[in-house]
Amino acid sequence: MRRFLLAFIMPLFIMQSAFAQDKAAAPAAAPAAANSQELTATIRTSNGNMEMRLFPDKAPQTVANFVTLARSKFYDNLIFHRVVPGFMIQTGDPQGTGLGGPGYSFGDEFGAGLKHDKPGMVSMANSGPNTNGSQFFITVAPTGHLDGKHSIFGEITKGVDIAVAISNVKTNGTKPEKDIKILGIDIHGDWYKPVEVKKIKELSQDDIKAATQDLATKLFKKIAEVQNYGK
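Using numbering that gives the first Met the number 0, you'd call the opening residue of the sequence shown number 0 and step up by one each time.
Just so you know, the hints here were simulated from the structure itself, not pulled from any lab data.
Note that the structure is a prediction, hence the values are computed from the model and not measured.
Each hint should be verified, as a subset may be incorrect.
What the hints assert, rightly or not - Derived DMTMM-like pairs (lysine to aspartate or glutamate); straight-line CA-CA distance at most 20 Å: (1) Lys180 x Asp116; (2) Lys117 x Asp160; (3) Lys117 x Asp146; (4) Lys177 x Asp75; (5) Lys148 x Asp116; (6) Lys114 x Asp75; (7) Lys117 x Asp75; (8) Lys114 x Asp185; (9) Lys117 x Glu154; (10) Lys72 x Asp185; (11) Lys157 x Glu37; (12) Lys180 x Glu50; (13) Lys174 x Asp75; (14) Lys157 x Glu176; (15) Lys114 x Asp146; (16) Lys117 x Asp185; (17) Lys57 x Asp116.
Can you make the complete structure from the sequences, with help from the hints?
Below you can see the structure in the form of structure tokens.
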């Protein structure tokens, strides 16, 4: 329950920050990326590390969701529950079955010129339109048939070979025989800058609202549910 509470409190901070109007100083940032405008992540796994570049300008809500979950340690110790050689590796399910998630869903983000055209593209897994949550996958080959169906929000810049190696491990069906875990995901860069918060706010109110995916409303409701749990 503590993990989920953190996962929902952090997005609330993002949305409230849009209205702060410089009333309070921003919290300390994670270690800055080489370019302060760049947002990156280190995905630490039991089989090695992968460096990732995020696309907050092209997929602001998806990136905000990923950063929030990563910083709240939601992904820590989760397994890669599905691996397919020559295709992709998938993780982000707290149940480890492919059926779990964070307890909410949000809309797709397409049309930003991003394509599954090479190994190392990082994209959201889903069960249909506008059902994104916490599960994501990393391609190990071009997978153009996924364009327009899965929201890309980053790419692996170093360690694609790690993803390929994971995709080739022995499996029972598509699940690795031996658990391969995410040890943690470290975020680097000024992810909460006001201009980015504004984009996220506008997206959730305008674009996502049209698809009945008003993230702010869902988050407020979920926070209330968690706070009232057990009362």
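Verification of the supplied hints:
no.: 1; hint: Lys180 x Asp116; verdict: violated, 26 Å
no.: 2; hint: Lys117 x Asp160; verdict: holds, 13 Å
no.: 3; hint: Lys117 x Asp146; verdict: holds, 12 Å
no.: 4; hint: Lys177 x Asp75; verdict: holds, 17 Å
no.: 5; hint: Lys148 x Asp116; verdict: holds, 14 Å
no.: 6; hint: Lys114 x Asp75; verdict: violated, 28 Å
no.: 7; hint: Lys117 x Asp75; verdict: violated, 27 Å
no.: 8; hint: Lys114 x Asp185; verdict: violated, 25 Å
no.: 9; hint: Lys117 x Glu154; verdict: holds, 9 Å
no.: 10; hint: Lys72 x Asp185; verdict: holds, 9 Å
no.: 11; hint: Lys157 x Glu37; verdict: holds, 15 Å
no.: 12; hint: Lys180 x Glu50; verdict: holds, 16 Å
no.: 13; hint: Lys174 x Asp75; verdict: holds, 18 Å
no.: 14; hint: Lys157 x Glu176; verdict: violated, 26 Å
no.: 15; hint: Lys114 x Asp146; verdict: holds, 6 Å
no.: 16; hint: Lys117 x Asp185; verdict: violated, 24 Å
no.: 17; hint: Lys57 x Asp116; verdict: holds, 16 Å
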